[in-house]
Amino acid sequence: MPVILQGIITILIGVGGCVAYFYFSNLLLDKVIFPAKGEKAGQNINRANQVRPWLFLFPAVFVLGLYLVYPVIGSFFRSLYGRNPDEFVGLGNYASLIASEDFRISFFNNFLWAIVVPAGATFFGLMVAQLTDKLSWGNLAKSLIFMPMAISFVGASLIWKFVYANDADIGLINAIRASLGFTDPVDVLQIPFWNNFFLMIILIWIQTGFAMVILSAALRGIPEETIEAAILDGANPWQLFFQIKVPQIMATIVVVWTTITILVLKVFDIVYTMTGGNFGTEILPSYMMDFMFRDDGRATAIAFVIMLIVLPVMIWNIVQARKEMR
Amino acid sequence: MDNIAGQKSSLTWATHISVLVLVLLWLIPTIGLFVSSFRDRDQISASGWWNAPFAVELTARGRTSAEATPDGDMFVVTGNIYDDPEAQSYFPGGGGEVVAFGTRGANPTEFEAGTEADLGDGETLTVNADGTYRYVSPEDPGSRGQRVYFAAASPPNFTLDNYEQVLTADNMDQAFINTFTVTIPATIIPILIAAFAAYALAWMDFPGRGVLIAVVVGLLVVPLQLALVPMLNLHNKLGIGQSFMGIWFAHTAFGMPLAVYLLRNYMVGLPRDIIESAKVDGATDFELFVRIILPLSLPALAAFSIFQFLWTWNDLLVAKVFLPSDDASKVMTVKIADDLLGSRGGDWGILATAAFVSIAVPLLVFFTMQRFLVRGLLAGSVK
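Chains as they are written, first to last, in the numbering used here: chain A, 1 to 326; chain D, 1 to 383.
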């Protein structure tokens, strides 16, 4: 298997190369460039310690710069050119996007996804986290609800095809309909507008586990005293949950919510596998894939639109991170 | 805290029941896939997976025996329809009770089992519930027997045929190997690179550190989509093109922000005393990192490896863009999404099995390493 061999060699070169790079660059710095001996020993040690962080950082910074920072700029410039990379069209790609019906549909659908999926996953996650908190078999329940996190979006789509299939002998929904007396099977993925929600259910199913794990930890982190005080004051379980617990974990809820929102803007697999973007279910990432390999100008323009949508969250994240560091 | 005031026992029951309902709701789709992957193709299209433990009514066809015995001026053929090899082939698990029969493919269940069917021209046919038949004809039926269609209960038939077919045909075995080939280097290579950078960001003092951390946090949310076109163009210019080499680089880079962020968050929490006393003892940063930080950070390293493994294994987008689209280098997700769903959209047994094969490895990793995964999630999102 030549590819496997190639893979093993890559691992060896990758890992060995890393070790060698870090070892020899440090050696070079300490022994050759700024040796800690002679009359300038003290000065040299200081200088070496100023350079060393960058030795440690260089490979990661290089990779991040090349694959994540450069593309932001590169994509923007590419989106100013047409299908032909030499033909400058200015904002023409963006103009034709805005004029296109498909783009408006995918933008609107994406908007729905970005509201419904985080809301659904956070809601169910919080519910499960709270309900399983005092349960003897809570960990088992959590582990089973967490499981879809390990499943690929493609695999999850296939799993849900066995729920949505347009056949009462395969699709669970149609089987339930049939048992209620409806004779004609429906294809839920072709019901205009509502089919979007059936696709969102798949992502909610996957992401609830993520929300649950994090919110569950947050719930356990609430100081006992506040809960005991509320109980002594006669709070009922509902008040306890909504007025004591939820406000205290609000920051975590926001983190979970935004993390899932970001994910929603990247996932194209579910739409691609379930409907191929047909029947009015297109979202921006899948719409972009329609142009990938065909019209790079248009594809990068859509990618940049996604970036613009993510930008506020990114800035908010950075602000939060800087606050925490102080 | 089990019996504190405000916790009513009726509420406890409601909790048990609602959690049970939720767990079932979450499990049922996956169980459906799992059960379907073991079912025979004919049975899948004849009854839902929730009926898998029960017999399925299948329509089959066969022929009566060709040997007729004269009886007066009529010829009589008797025997059992299940003796016919063609009829047998429909029921690998043995045939059950015959429910109805007929002689025309257009209406295979025209007559109830046990009744005498008048086929015209003086011919009659009776098929009983146990499969025995009696065919009476005024003429010698000749060397070919009478065509008989019948519906019979087929006992549940669980088989590994789907797995055999998925793993040997259609290059799915190749796709399975390809997925491993993509995943393993893409999981291992970023770890060390990220660990060194995370150490520098956590424990070394230098100007610009805060900015760099902010940049990493920002890069966590950069949509992958932006990188696709420029990086593929760059790979093409460098001569890497669409190849395994290219996808290893791509995955390494796309996993880097999370790796650095996770590991830094973990390393910052390591006890300062250990690190400072090592420094006082004269350890250089490099020794300190290799001897102390790296071993202490193993849980975080494990958490990241699991993330990266699951993410690269489950990825469709990067594989579609950075790998060639020929059969020799397709990974499983691409294979399922592009090939199986397209050409075999109706073959549910194969689809279910392919999906299950592709999710089996992540599920195994998930259930054995869940502890680390949870810890990693927590380190990555909550302070």
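I should point out that these hints are in silico values taken from the structure, not numbers from a laboratory. Just so you know, not all the hints are guaranteed correct.
What the hints assert, rightly or not - In silico negatives: residues of chain A with every beta carbon more than 12 Å from chain D: (1) 37; (2) 88; (3) 247.
As the list claims (entries may be wrong) - Examples of chain D residues toward chain A, derived with CB under 10 Å: (4) 28; (5) 160; (6) 292; (7) 296; (8) 377; (9) 378.
Note that beta-carbon positions come from the ideal geometry of N, C-alpha and C, so glycine has one too.
Here is how each hint holds up against the structure:
Residue placement check: residue 37 (chain A) keeps its beta carbon more than 12 Å from all beta carbons of chain D (closest about 15 Å). The beta carbon of residue 88 (chain A) sits about 16 Å from the closest Cβ of chain D, which is more than 12 Å, so the claim that it is off the interface holds. No Cβ of chain D approaches the Cβ of residue 247 (chain A) within 12 Å, the least distance being about 16 Å, so the stated non-interface status holds. Checking residue 28 (chain D) against chain A by beta carbon gives a least distance of about 7 Å; that is within 10 Å, so the hint holds.
Annotation: interface hint on residue 160 (chain D) violated; nearest CB of chain A at approximately 19 Å, more than 10 Å. At about 15 Å, the closest approach between the beta carbon of residue 292 (chain D) and any beta carbon in chain A exceeds 10 Å, and the interface hint on this residue is violated. Hint status for residue 296 (chain D): violated, given a least beta-carbon distance of 17 Å to chain A, over 10 Å. With a least beta-carbon distance of about 5 Å to chain A, the hint placing residue 377 (chain D) at the interface is held under the 10 Å criterion.
Because the beta carbon of residue 378 (chain D) sits about 5 Å from the nearest beta carbon in chain A, less than 10 Å, this interface hint is met.
The structure fails hints 5, 6 and 7 (numbered hints given earlier, in ascending order).
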